[in-house]
Amino acid sequence: MQRLENAVLSKAKELLESGKVSRVLGWTKGEFCYDVSPCVFNTVDELKNFVYNGFCGANLSKYLINESKKEGKIAVFLKPCDTYSYNQLVKEHRIKVENVYAVGVECQGKFDIEKFYAKGVGFVASVEEGLTEVKVNGETVLNRNDVKLERCLVCNKKHVAGEEIVELNEKLPSDSDRFEMVKKLEAMTADERFAFWKKELSKCIRCNACRNVCPACNCTKCVFDNPNSEVSAKANATSFEEQMFHIIRAFHVAGRCTDCGECSRVCPQNIPLHLLNRKFISDIDKLYGEYQAGEDTTSKGPLTSFTKEDAEPSDAVGGNK
Amino acid sequence: MQEINKERKPLIVAFCCNWCSYAGADLAGSSRLSYPANVKIIRVPCSCRVNPLFILKAFQRGADGVILCGCHPGDCHYTTGNYYTRRRMSLLFSMLDYLGIERERTRVEWVSAAEGAKFSNVMNDFAKTINELGENKRLEDLRCKD
Ligand code: SF4
Ligand code: SF4
Ligand code: FES
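So the sequences go chain by chain: A and B. The numbers in the working numbering rise by one with no breaks, and the one at position 100 of the first sequence is 100. The numbers in the working numbering rise by one with no breaks, and the one at position 71 of the second sequence is 71.
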């Protein structure tokens, strides 16, 4: 994977040096190998901190909302799942495409640092990445699937945008079903489901990270920031007051959520937000035909279109028991 | 407090579109057809004006049931508003169900301006369902209730 990082880095250098772009949006080194963060590089010199490894889970597409409106062209590196978010943003006219040079980058699944700890690795100093295995701190060999983010375990996405792609190996396919847990929940009784969600959602501290990171959550003014809406702050009076936030958050991205998995990745409380998004996705698929947001930049979304024959709300309980 | 709660009648909020269902409710009134007094009507320009947040907000504030009434599909004053309502509410109701919140507490009905009798029947039937279900515990917010 070192070779891949070098390939991506030389692409970044080449684009800056040739003057094709004036800035590069990528990931920068942190203190440790696992705390990389998104970064805009303005010069070749700054690229010395450029990094592309298994911890580059952050989806860079949302940064383009602001970055593409600035002077000059910007290059951006997009993993397969990020290209869907990118397309969706282009479709919603949030990005100035003429200012963007999109480059697809190979991805064999990104890591969840917690999973290393769960495997008994106390501190992750270095990770040598192979296609199916990783070597931690030069000694412990782990199966790559055991340390992947949930979203990467079920990912079969291919690049759907980008002027060019930097790829050394073809992406290994996944045979997991992303709706498995949704189906399990649907098969539970209402009381069991209520208990499940109460337990999960009451952990929420309303940090709003899930909203802020989401490329589909891109309104300039958000209902949750309106102090008169009474939904702007975390309340501590009842145990389940967060339902409102969560239902509305998921509803506002229904039909536009690309299932990029960023919300679940950033949640400090490990709330499985993807199970809410995927419920909407699975209902949409069943009721209105299969739809993958971000696959293209022109199709109409399922909630901005209709047919005269649509199911009535009373019949549409989308597979729940 | 306990005493009061025992006497508490379930509260039902009915969002009615201005052009069909609200007129339907009017007709029910002028035809002297009754519907339960605990149904509180909120008039909206079109059924598609109803944002899912309105529905959750009503529950949070103490409603025990929320019903949304609009023109029959194809008859919306704004031509297509209720087709969007239909999709949105299908997804929202399914999501509420997924969260374990009683599915029967929310309903969509199409009531035209000429259907005073239907309006009264729908409301009586919905109120009956809500009365049987009792108080809404799963979507309430104690801060908002007395
Ligand atoms: S990121 Fe997690 S804790 Fe923060 S608001 Fe979202 S669900 Fe709540
Ligand atoms: S809701 Fe979550 S999975 Fe969906 S687009 Fe937003 S961040 Fe990605
Ligand atoms: S005006 Fe009645 S549903 Fe649109």
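Please keep in mind that the hints were generated in silico from the structure rather than gathered at the bench. Small disclaimer: the values here were computed from a predicted structure and weren't measured. One or more hints might be untrue.
Said to hold, decoys possible - Straight-line distance between alpha carbons at most 27 angstroms, and here's what the computed DSS-like set of lysine-lysine pairs gives:
id : chain 1 : residue 1 : chain 2 : residue 2
1  : A       : Lys198    : B       : Lys137
2  : A       : Lys184    : B       : Lys137
3  : A       : Lys183    : B       : Lys9
Stated by the list, open to error - Some chain A residues judged to face chain B by a derived CB distance under 7 angstroms, without partners named:
id : residue
4  : Lys135
5  : Gly138
6  : Arg193
7  : Ile248
Note that the Cβ used here is the ideal one computed from N, Cα and C, for glycine as well.
Evaluation of the provided hints:
1. Lys198/A - Lys137/B: With Cα atoms ~12 angstroms apart, lysine 198/A and lysine 137/B stay inside 27 angstroms; holds.
2. Lys184/A - Lys137/B: It holds: about 25 angstroms lies between the C-alpha atoms, which stays within 27 angstroms.
3. Lys183/A - Lys9/B: Not satisfied, since the Cα-Cα distance of roughly 37 angstroms exceeds 27 angstroms.
4. Lys135: violated (41 angstroms)
5. Gly138: Cβ of glycine 138/A sits 46 angstroms from chain B, so the hint is violated.
6. Arg193: holds (4 angstroms)
7. Ile248: holds (6 angstroms)
The earlier numbered hints that this structure contradicts are 3, 4, 5.
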